[in-house]
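Chains as they are written, first to last, in our numbering: chain H, 1 to 236; chain F, 1 to 197.
In short, the hints are calculated from the structure, not lab data.
Note that beta-carbon positions come from the ideal geometry of N, C-alpha and C, so glycine has one too.
Please note: incorrect hints may appear among the correct ones.
Calculated cross-link-like contacts (lysine-lysine; reagent style DSSO-like; alpha-carbon spacing at most 30 Å) [stated by the list, open to error]: (1) K213/H / K160/F; (2) K195/F / K227/H; (3) K160/F / K195/F; (4) K160/F / K44/H; (5) K160/F / K38/H; (6) K213/H / K236/H.
Derived coverage of chain H by chain F (criterion: at least 3 residues anywhere in the stretch with Cβ under 8 Å from a Cβ of chain F; other residues may be distant) [unchecked claim]: (7) 8-18; (8) 73-82; (9) 94-106; (10) 138-147; (11) 218-232.
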Amino acid sequence: MRIEFQPAYVLHTRPYRDTSLLVDLLTPDYGRIGAVAKGVRRGKSQRRPLLNPFIAVLVSLAGKSNLKTLTAVEADGPSLRLAGLALYSGFYVNELLVRLLGEQDPNPDIFDDYRWTMQALSALDGGTPEPLLRQFEWRLLDHLGYGISFTQEADTGDAISPECLYRFDPEAGFIPTYSSRNPIETPKLFIGADLLACAEADFTQPQVLAVAKRLSRQMLHPLLGSKPLKSRDLFK
Amino acid sequence: MFSPLIDDLISALRCLPGVGPKSAQRMVLHLLEHNREGAARLARSLDKAIEGVGRCQRCRTLTEQTVCGICENPRRDGSVLCVVETPADVVAIEQAGGYQGKYFVLLGRLSPIDGIGPEEIGMDHLVNQLKTGEVNEVILATNPTMEGETTAFYISERAKELGVAVSRIAHGVPLGGELEFVDGGTLAHAFSSRKAL
C-alpha cells in the first residue's frame, strides 16, 4: 500500500536502532498509524525537525505490514508554536489519543478536531487551555461512541432542567436525583444549569470549568482503567 | 555454527548499538584469533566499569566517584547550572568549550506517553539543589524537540518559584548553513528570537 501526501500530526516518537525513529502518526484517512523514519536521527537530517509533535505535515508512507516506512515528509502550512501550558495540553491530548485510539481506524472528524484544537492552543497566549481540552475530550468520546448527552436525561430523554440535581452514570448519562441536600455536601452530583453550560461550551463561570473537569475524569475513567494519564503530573 | 562459548560471546556483543550478527561475529573472531590480550583487557575494564561507575551525587552524570570531576572542580562557577538531558550532552558542551559553570543531568526528558514525568527526571533532586541558594542562574540546554521544550518550561517554572534566574540556549540557523535549506520551524524561531545588533 502506498499512501501519498496524507495530512498528519506526529503523536509520539521513539528512537529506533541507531539513526531511525518510530513515529506514531494521526491521519484523517488511516487513523493512528505507525511508521519507521529511517536515518532521520543522523546529524543533518532535513526531516527530523518536522517529525515532532504538534506540527502539521504531509507524509508519504509505503509498506505492506502495519508498521509503514516513511518515504517523505514535508510541512503542511506555516508552523505553529505551542508554549507553556499549551505545550502540556498538547502532550495531554496526544497521550489521550495514544491511549484511546486503536491503530488504523480512520476517523477524519477526530483529525479535524485535533487540528482545530492544536491551532486554538497555539493561539492561546497565556489563557487557560481547559475549555479547549474539555471540548476535545467530549468530541473525542462522541466520535468513539462514548458520547453522553448534556441536555437530556438518561432514561427518559427529558430535557435537563437547570434547577435539578443529577447523578452521573458513565454508561447511561445523567439521572435525576431528588436529593434535597446541598450539592456542596454531595460532591458527586451535578446541577442541571452547569450541565447545560457545558453543553453550550459556555465556560464563563468558573465553577462550570471545575464541573467540566470532574465530568471528563468520570467519563474517561472507565476507558483509561487503572493506569492514569502521566501528562496530568505536568499540571500539578 | 560455533561452539557455545563463542556463540554466547557473539550474542553478548550484540547489545552494543549498531552491532548486528555479522559485525559481532567479526569482532569475536578478531579478538579470539588475533588479539587475546586486548580481549582480556576489555573484559577486565568492562567488569571494573560496571562494578565501579555510578551516578554523581550532585549532577547525576556517570562517574565512579561520589561527586564527579566537574562538580568537584573549585575553579568552575557553581552559581551557574546547565541542565542537559544526557551525559553525552555534557561531553558535547565541554568539547565546544567556553562554559565554566556546572551541570545537572536529567537522564531523560519529560515524555508522558513513555511514562516519564517530573519524578523520573530527578526534579526533586534539582529543586533541592536550587533551594540551597548556591545557584543564581539555570541554563536550560535540553534538546530543541517538543519534549525538550516541555522539560525546559517545566524546570523554568520551578526555578522561577525559587527565585532563580532562568535562560534557554538559543536555537536558530546553523553556522555555515544556508537559509534556503533550513526548515520552516527553525527559521521562524530564528526570526522570533532575533538579536539587536
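Hint numbers not upheld by this structure, sorted from lowest to highest:
2, 4, 5, 10
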